[in-house]
Each structure stands twice: as C-alpha cells, then as structure tokens.
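6 protein chains.
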Amino acid sequence: MRLTVVNPNVSDELTRRIAGAAAAVAPQDVDVLGVHPSGGVPSVESHAEEVVAAAGVLEQVRAHDATSDAFVVACFGDTGVAAAREVASGPVVGMTEAALMAACLVAHRFTVVTLPTRTRAHSERVVRALGLEHRCTVRAVDVPVAHLESGSTHLLETFVAESRAALELDAAEAVVLGCAGLADLVDPLQAELGVPVIEGVAAAVGMAVGLHRMRLGTSRASSFAAVPALPEVLFP
Amino acid sequence: MRLTVVNPNVSDELTRRIAGAAAAVAPQDVDVLGVHPSGGVPSVESHAEEVVAAAGVLEQVRAHDATSDAFVVACFGDTGVAAAREVASGPVVGMTEAALMAACLVAHRFTVVTLPTRTRAHSERVVRALGLEHRCTVRAVDVPVAHLESGSTHLLETFVAESRAALELDAAEAVVLGCAGLADLVDPLQAELGVPVIEGVAAAVGMAVGLHRMRLGTSRASSFAAVPALPEVLFP
Amino acid sequence: MRLTVVNPNVSDELTRRIAGAAAAVAPQDVDVLGVHPSGGVPSVESHAEEVVAAAGVLEQVRAHDATSDAFVVACFGDTGVAAAREVASGPVVGMTEAALMAACLVAHRFTVVTLPTRTRAHSERVVRALGLEHRCTVRAVDVPVAHLESGSTHLLETFVAESRAALELDAAEAVVLGCAGLADLVDPLQAELGVPVIEGVAAAVGMAVGLHRMRLGTSRASSFAAVPALPEVLFP
Amino acid sequence: MRLTVVNPNVSDELTRRIAGAAAAVAPQDVDVLGVHPSGGVPSVESHAEEVVAAAGVLEQVRAHDATSDAFVVACFGDTGVAAAREVASGPVVGMTEAALMAACLVAHRFTVVTLPTRTRAHSERVVRALGLEHRCTVRAVDVPVAHLESGSTHLLETFVAESRAALELDAAEAVVLGCAGLADLVDPLQAELGVPVIEGVAAAVGMAVGLHRMRLGTSRASSFAAVPALPEVLFP
Amino acid sequence: MRLTVVNPNVSDELTRRIAGAAAAVAPQDVDVLGVHPSGGVPSVESHAEEVVAAAGVLEQVRAHDATSDAFVVACFGDTGVAAAREVASGPVVGMTEAALMAACLVAHRFTVVTLPTRTRAHSERVVRALGLEHRCTVRAVDVPVAHLESGSTHLLETFVAESRAALELDAAEAVVLGCAGLADLVDPLQAELGVPVIEGVAAAVGMAVGLHRMRLGTSRASSFAAVPALPEVLFP
Amino acid sequence: MRLTVVNPNVSDELTRRIAGAAAAVAPQDVDVLGVHPSGGVPSVESHAEEVVAAAGVLEQVRAHDATSDAFVVACFGDTGVAAAREVASGPVVGMTEAALMAACLVAHRFTVVTLPTRTRAHSERVVRALGLEHRCTVRAVDVPVAHLESGSTHLLETFVAESRAALELDAAEAVVLGCAGLADLVDPLQAELGVPVIEGVAAAVGMAVGLHRMRLGTSRASSFAAVPALPEVLFP
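Protein chains in written order, with the numbering used here: chain E, 1 to 236; chain G, 1 to 236; chain W, 1 to 236; chain L, 1 to 236; chain U, 1 to 236; chain S, 1 to 236.
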C-alpha cells in the first residue's frame, strides 16, 4: 500500500518530519511518501493562507493520485480535505478529524491545544463539523508554526502549562496536538501529563490504512462525486 | 460608498447579472461594481471548484480593496468569505449568510433550494456555521449552474415544485434561492408561492450597506487578524 | 421610507435617544419616528415587565402600521417582536436578533454585555432561537436600566471591564451592547477595546431598510399569518 | 394544598373543563381552582394573542397568589409562565413543559399534535427551550381552538390520523395533546393507538403537587427574582 | 399505590435512608418500599460498577413487579432505568432525569453537584439524553459514596463551596444533589445558599405518583416493548 | 499484536463469523481471537438484554485482558464498551462508534440500517454520544438477530430497499450495517447500491490496530480510571 501524506505548506523540513511521524506508525507493508505543494505558504495560520494551501493540496493529490492508495492531509483544520476527496481515487483522511476520533476512543472529554491563537476557529470548524463540541474544547499557545521547523521539544513547558489548564478547567482527559510537526512532543508531554496525547498525522495514518484494508473509498453518491475537468491553479 | 460584488466564477454574463441584482436594491449613493477572477472555473459546483474559486475571490478582493468600502461575495456556500475578511479593509458579506439571516427576519422556518444536488453540503455548511439547522432545511434541483447563464425564468416550474414540497413537508414559510444569478426568479416565484423568496446577493447588499453606515468592519482581534504577506495564486 | 422605532418602556428621554441612534445610521431618504407605549413600565428588566412591554409594543405597532413601512423594536430580548410581525404590514426587526447577526458578519465569536444581571436569560433566549450558542456568550453588568436615562458614558469603565473579560475568557472578538440606549457608548468603548462594538438599534435599522429595499415582508404562510380581530389591552 | 389552574383565554366552559381535568388527577387533599382572565382573547392561536393572554395570566396569578400554593398555566406554548414565576409565591408549572417531561418518562421519541397549524412555532419554542428536538416532533391538525368549546371527542378521527402518521413517520412512541381542553380525548385516542397519550394539564398537576410536597419554589437567585412594582394591564 | 424504590447498591443503611427520603414526600395513600439487589457493589462509582448495578436493578424490578404500581431507581446516572422500563408493568422513573426536570421547573440554569469526580460523565450522559446542556452544568466533589453511609450533613461545607462556585461561575440558580443518600443535606444546604436544592429521589417520587394518577405507563410501541424471556444474572 | 473481539451474545456461530470478519481486515501480524460470554442472551435486542450482555462483555474482558493488546466489542449499540475501558489494559473500540467514524471519513451524510426496529434507540444513543445527528439517520429492518445465525445474504433485498430509501429520502451517501454478523452483506449490498457499505467490526479492527500502533490506551484521568475490586456477575 502506498500512502501519500500531503503537507500543505512548502517547508521541506516539516514535510520530512511529518512523513517520518507517519512512517513510524504505519504497518511494514505501507510505503509512506511525504509531499508538499510546488508553491504557496511557509505555514497555514490564517483563512487566507488556507485558501492557498488548499490549492496546494489539490495540486499534490492530482499529481500523486495514480500512484497512491490513500492520502493523509497533514494540516490542522483539514484544509482542502473535502476537495481532495473529490479528486483522489482512494480514501482521504484529515489529521484533525482523525485526531478527534482517536481522542473519542480513549477519553470522555479532551482538549485540542493548537497554535497560533488566531487559528482556534480552524480547529473549532472541524470540531463542529463532527459534532463534538460537548466533548472537546479548543485551546491555543501563541507560537508561530515557524517555530516548529526544527522540532518542537523546546515547546514542552508551554504545552504542559496549557494542557494542565485543560485537565483542570475543562475536565479534559486527553490532549490533541493541534498542529502537524509536533510528533516529537508526544512522548515527553504524555510523560508529564499522565494522559493520552494524540498526534493527528499518526491517527490519520491508522484510519487511512484501516479504510484501505476494508476497501472503502469516498462515496461518489453526491457531495464528493468526481469532478471532471478542473483548471490548474499555479504557484509563481 | 463603493460596494464591490465578487462573482467567483469567470462568467462575464453572470457577473453582469449579479451586479445588476445588487445595484437594484442598493441605495442611490452606493456605487456597485461587479468583478470576477482573472481565471478559474466557469461555475462552482464542487468542493474542488470551491478551492479554485476561493483563490479567485482572494485575488479580486486584493485587487479592489483600495477602492472598495465593502465586499459582497456572490457564491452560494460563501466560498472564500473568511479569507476575504482577513484581506479586505472594510466588511465582507457572503450571500449565503445574508440570505439565511434575512429569512430569519421574515419567517419561522424556511428552506434553501440550491443547485445542483451535489452542492447541498455547501449550503448545509453555512446553515450549521450559523446554527440554523432547527429553522432551515436544504433542498436542491438538479440543474447545472451553466443553465443560469442567460437568465433563470425557464426554471420557474422546477423551483415552484421543489418549493411547494418545502412548504408542505418541511413547514417552510419562505424560500431562499440557493445560487447567485437567480434574481429574475424572485418575483415570478413569489407570485406563484405567496411566501417571501429571498435572493442572497440582494440580502448581502443590504447588510453590507448597513455595516458600512454603522462604520463596522471585521474584527482584527484574532480569527480574522490581518495577514501580512500572502503569495499570489495564478490562473493560467 | 418611514421607519418606526418602538421603545417598549415609557421613557420619553430614552425614546428620543433611541430614535436618534436610529436616525444616525438611516439613509437620508428614511424618515425615522420614535414612539413608546401610552402606558406600562419605566424599564424592562424581568419577564413580568416583558409581558407589559409586549402589550405596549403591540399597541404602538397597531397605532402606526398605516403610516410605517417597517418597524424596529428597541428592547434587548426582542419582546413582542413575533407578535408585532403578525400585526404589522411591513417587516419588523428586533434589536437583539439584528445585533447578533451583525456580530456574526464581523467576528467569529462575540459576547453580549447586557444589563441588569437578571436579564441574561432574555438575551440567551434570542441567542438560542437563532442557534448561536456556539459563537456567542452572554455577560452582564449589574446596572439598572434607569441609569441610562440621561446617557451611558458614565458606564464606560464598567463595560470595559466586562468586555475585557469576554475577550480574554470567552475568546470574544466583538461586543454586543445588550440594551437600548447605549449608542453613546459605542465609540468610546470601541476605542478602548479595539474590537467592533455593536449597537442593536443601529443594526436593526440597517436590516429593516435592507428588507424594505428588497420588498420583503413577514411571511403570512403560517406562524405569522395575520390576526384578524385582537382586543385592546389598556394601560391605566 | 390549593392549586390554581389558569386558563389564559376567557372561555368559562373551557376553564370548567380544564379545572375538571386537573381535579381528576389531583390527590384528594388538593383543592383545584380554575380561573381565567377578566378579559382578553377567546383563544390563543397566534403570537399576538399570546401577548394578551400573558397579561391575563399575570392578572390572575397576582389575584390568586395569596390563596394559592402553586399554579398551573393551561395554555399550550406556556404563555406567561416565566412571568408568572416572578410573581407567584409558590411554584408555577406550564402544561407544555410538563407534558414533554412526562412523555420523556414513558417514551424514547414522541410527537406533539397541536392545533391549529399556525401554532406549531409555539410548541417548538418550548421543545427547544427544554432541548428536546432530538426526541420530539411537532405536528398539527388544522382545527381552531373554538371547536373544543363543548368537548373534543368529535376530533378523534382527526387526531388518530395525525398520530398514526407520527408513529409511522417520526418513530413516535407516545403522543402529546397540544392544547388544553382535550382531556376527554385521552382515553379514546389511547385505545385507538395503543400508545401513551399525554394531556399536559394533568401532567402539570402531578408536577406542581410534587414540587409542593418537596417544598420547592421558583429560585429567586436571578432570572426569576421577585418583581417589586408592576403596573396593571387592563382589559376593557 | 405501592411505589418500590430500588437502590442499586447493596447497602442496607443507604436503602433505608433512601426509602425514608421517598416516603417523606409521598402522599399518604402511597406505600413506599425500599429494596436493593441480592448482590453486587457497595457503591456505583464507575461504568463497570454500573454494569453490575444495572443487573441488580433488573433483578429487583422483576422480583417486585407483581406488587408494585411504579418504580423509582435511586442511582445518579439512572443506571438500569431503560431496561427496567421494559420489564416493569408500571412506570419507572430515574432519580437523575426527575431531578433535572424538577430543576427546569424552578430555575433557568442549574448545576448538578455529583460525587465522586470520576462520575461526572454519568451525570452528563443523562443531561445530554434530555438535551439540557444549555441549562445545566455538572460539577463534582471528590468524596466516595461510602462516606454517605451514615448521613451526609458532615459534607455541608464541601457542598456549599462547590455550589457557590456554580452560582457565581455557571450562573446556576438551583443545585441538584448528584447522588442518592443526600436527602439530609437539602435543608441545611438550601439555608446556606438561598436557592432551591433538589434531591432526585424525592423528585422521582412526585413524578412516579403523577404518572400513576394519570394512568400512564411506559410505551410498548418500540424501544421499550416487553422482553419475553430474559435469563437471570446471578450474584455470588 | 493480539486483538480480542467480544461478541456479547452466546452464539458460537456468530462469534466465529464475527471473528472471521475481523481477521479478514486485520494486518498479518495481528492475531484475532473471537470470544463470547459464558452465559447470557442469544441476541441483544432490548435494553434489558443489553444489561445482561454488558455483564458478559465485562466477564470476557477480564478473562482475556492479560493476553490481549486491544479489544473490539462487537455489538451494535456499544453495550459495555465504557465499562470495558475501565477494566482493559489496552484500548477498547466499539463497533458502532468505529462504523460511524469510518462513515464520516467517506461520506457527508449516511444512514445506519439496524435491526430489529425496536433497537433504533440503541443506535441513536451512540450517534448522539458522538454528536453526529446532523450527518446520520437511523433506519431499521424488522428482522430478528437470530436470522443472521447462518449468514445474512438472504437479507440482501430487504437491506437494498431500506438503503435506497435512505439514499433518496435522507440524502445518505453511505450505509452503515447496524448489527454484527452482516459482513457477508457488504459486497453484494455495495454492488447493488454503488455507495460505501460499512461494517462496524472491520472498522473497529482498523481503529484498534491504529491506536495500538500509536501506543494509545484509555485515559485513566477520570471517567475511565481503573476499578480496583469488582465482584463477579454469574451466569447460571
């Protein structure tokens, strides 16, 4: 099985780290490929950047569809996932929806800790699309995505503080990391908090592999029916 | 006051008709300009086309921001509206949110009749973002947007039939037209049904003018804070 | 266009100030008339006073319907609005629903700051009728409506404090003033907070004008069908 | 214990029949008194009539508070109940909320069959205030309240037909009679349908007696704090 | 009328106190019997213990059905209530649902104070089944049920502190005691707080008596149809 | 990895078929074991049978915990899953929650087709616990579980009919099979309908394997903290 993980920003380093996080949990017979758009934004921290990033996700899904059994979109907020479902032949899983579902399976209530603060609305959009407002709160640390470029363990204290607030004030029983590129934070944060810490790319890999093994793909019945002729969007 | 109405598809004819519908309800001292992206899709009937159209909305909002007091986005589903709010200096109103709000002011329950059928999910997304599921149902007629190119009165019977089903089965008391380019259907449909028929571009014009007169613009506090440097997305 | 603004309490001074706030945002060709019931309550701060005030709203809507193109009801909680819709020939807009809708157009989340504290339930009733619990919180300052009689700028500090709590604790991005008669607070509060401050009477004027220009009135299909013969309720 | 049942319309005959329905289920040591306003409307079939009726409910609650341990408001839609809670010394129970609660105790899903059709919004208001949309649908038969003046058994067939539709199409397992004055319909309808048929006045009596025996009254903490000086509203 | 109150744990002392609380509010012609399972758990503080307790509730309902007109299940979380409805000939009322309904009748917002902390999810399950999330918060004090064995007045201070937090932070206007066996706390807590304090067993008695007087039982239409042959579950 | 699939009824044949369905989608390095309780009910078609079945699930989870890395509970309605989470060392996944999550990943709206009709409430309980009412309807065919004993392909026509109703009337885009033991229906039903058909045991296997690979287990923070000493429940 070939699983393509699309990082919607243009960072090589983040793409490599995200693909690594995916490969770490994928079964041995799954070949993980990490890709990013040919142009666009260095990070997705606004609705405007989401527009550019979604065009990039579409570009990559079209480019790799013939050789991919399934896609994971590695952007918290699941930018471009609905569109990718129309274009990809196999299943497409967003890291946000996957993380929230995994959290439901291990905790009664949980909290997303996303970044930066202004993107809380992006997380809330997915929480509400799934109907999970009664089980999930959204918190944020005000760190730009750029700070994750070379790893995220330097953010441990920041995440511990916000997560502890979630455990105490929101009755959270698990924490969802609200950004791709935080896989190296899972173990130390879990050690500090003593509750499950959920990384969405890893969760999405599990679900994409599961769907593939069930031979399930996106329904073509209506909302995600194939789109015959779509013009390119170009990046300068 | 200069009000720019962005049609997110590339049809000159539809843009002209949409701008006409906007101008028809705008106060005399409001100058209405209709624009469309420099490239993209002939119609927005899928999530993938929404991605392209949103890039086009961004392009036009950036191009006209310096000379516009407010924007209306004329696409049912409000594609690109959140992003436009970050980029525009003045308020931005989507035709879908405006139509649903106007419907709330004249009816207890109401129904969107959108087109084509596969886009019901786009309408439902806005209905849910506003929390109006308890008052609004979404129905569709399976007509491609292309059929509206030169007017929509030939669709009267189709809309009458679906709207009557809404009045009888959904207890609807008003009908929201679920696509731009249907302004010429308002009067004949209203005459047939005897209930308010709401056209979203017109509704959005009223709300954009109202916000402007109150000197209200998008909050920069968090979710829609300005986005400093956004790369272009190009259309071939 | 003649727009009649009904203040449901019996204060001449508040009626004058509310009508002034309405006129300030109305287009030049709109003639704004402020009225209040012939009897009733000096302020609406309880459900019982709402009953009296609603009778007063009905009285005034019946008295002025022949000469009014549209009505605005200037009571936070939208007391009597549903009844007024059955009786008025033109559209009727409540200041609460209008304020919440305007807030949706400029902010992802927002907070009503109402007064006095015991009336939070009245605001929450409208928030829930519109389905906006996921975007709107309700806070209060414990000031009686009587304190607004001769202006509200002396309440600036109180509103700043409660609004700051909303921005920090509720992730609000805009503030809705939860009472009529606070129009003079909009500018200083906005200056202090740096986020949009929304006054409902002004918002309702914009929406009523917009509906009128679209020639939209209340649906007579079912819930708001005309009421043929309604007895008077008298004020001693 | 003295329990006062307020019929908010001015029909002597309906008041007598409603009080009889209440007395039939009240324990022996409960003295049931039926009252109606000194003026107002012959029936409550619109929001405008609700305004008048609510004034009448207030009038009667004030008149009988000194001699009543609890009140039941016998109007589907619970007109005036919130206001009555502020004015009455003892607990106040609306027939609609009581009927919905009783239905929850005997059925997973259920349906209100109200009358006339235009009042569905009134039932839905209470359903939503209680949060029961997921368990309760609202249907209507288009019969004016006046037709209940001298009994309702002639409506049996009409109610059987609408109730059967509820059982089949809405998965209802019980039926709530959506109007006062239908007590004589309970037994024949139950016999026809084979499912519980719930009459709200009877349900409200049980709950008012229960609250009284627990010595529970309306909280004065905030929303329903006492209202010191309320002017009269007069009926001509 | 014979009313059987099932305490789902095996404590004789708690059963006696719960039956006493029920008898204290029951009308004179109601004979209250308190029972507990022949085996099982000393307290119900987890989902696993709920499984055992539900088996015990079923055992007792089957054992006493022939001689009972109605049942009250005295476990916060309403463990086994749905199953008991299928097995009992008369109505079955859970203490949690009854307490929440009673709270709705006397307060706009209210708070459950349950124990121990880990059981908040059990309370929330019932709050959500009734749709009351918008009016009810759930708090907890971290006291094991065993501490209630010989009365609960020693917990007064703990409950006062948590309840005061609810009144201030959650805008609660009444408090629901989230465990059986707290009846002796009602009066002192109410005296301290000045708001209604609701004990669920007492509330359930009132509702069970009310249903019985209306001759209402569980609907057999679908979800709670009778279960013909159910094997015993044994306790060692 | 050892994955234990618990069938909560006592049928050897169904257990074998369920384990087979699980093994068919499990990766090669996953050893699937199918078990059922030592006593209890032949099928779970009522809330009362759920009580017995939950005791059986607990029995089996305790018996196999030492040798299992994860559990799947193969009962539509997820009977006993919350309790099993407290008792199992590794993750526990219910087939219902897993099926609904998988459906969310491949369709905008979908429908559960469960059996028999009386168990719709059990499916709705899980739909609501996940907050998916806006995307998922529940339908039923009135077939007893016993009819699945030796396979389910004879039910193809029945399922096709109900599923077609879902596609047309509920706008469903995928179908969830609402019972264990229907794995042999997936392919023929999918062939007939042309939309994804989701079998919950297979979906649960994918998610359990995914959680295991992420080394995620149930949070012990509060709701699902370990339960120290739980008495046995015996089956005669």
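Worth flagging that the hints you see were computed from the coordinates, not collected in a lab.
Even for Gly, the Cβ is constructed at its ideal location relative to N, Cα and C.
Hints should not be assumed to be uniformly reliable.
What the hints assert, rightly or not - Beta-carbon label-pair distances, calculated as ranges:
no.: 1; chain 1: L; residue 1: Ala63; chain 2: U; residue 2: Ser38; range: 53 to 59 Å
no.: 2; chain 1: S; residue 1: Arg164; chain 2: G; residue 2: Glu232; range: 35 to 41 Å
no.: 3; chain 1: E; residue 1: Ser38; chain 2: G; residue 2: Asp142; range: 32 to 38 Å
no.: 4; chain 1: G; residue 1: Glu13; chain 2: S; residue 2: Gly194; range: 45 to 51 Å
no.: 5; chain 1: L; residue 1: Thr67; chain 2: W; residue 2: Leu234; range: 24 to 30 Å
Hints, verified against the model:
no.: 1; hint: L:Ala63 to U:Ser38: 53 to 59 Å; verdict: 56 Å, holds
no.: 2; hint: S:Arg164 to G:Glu232: 35 to 41 Å; verdict: 48 Å, violated
no.: 3; hint: E:Ser38 to G:Asp142: 32 to 38 Å; verdict: 36 Å, holds
no.: 4; hint: G:Glu13 to S:Gly194: 45 to 51 Å; verdict: 36 Å, violated
no.: 5; hint: L:Thr67 to W:Leu234: 24 to 30 Å; verdict: 26 Å, holds
Against the hints set out earlier in the document, violations occur for numbers 2, 4.
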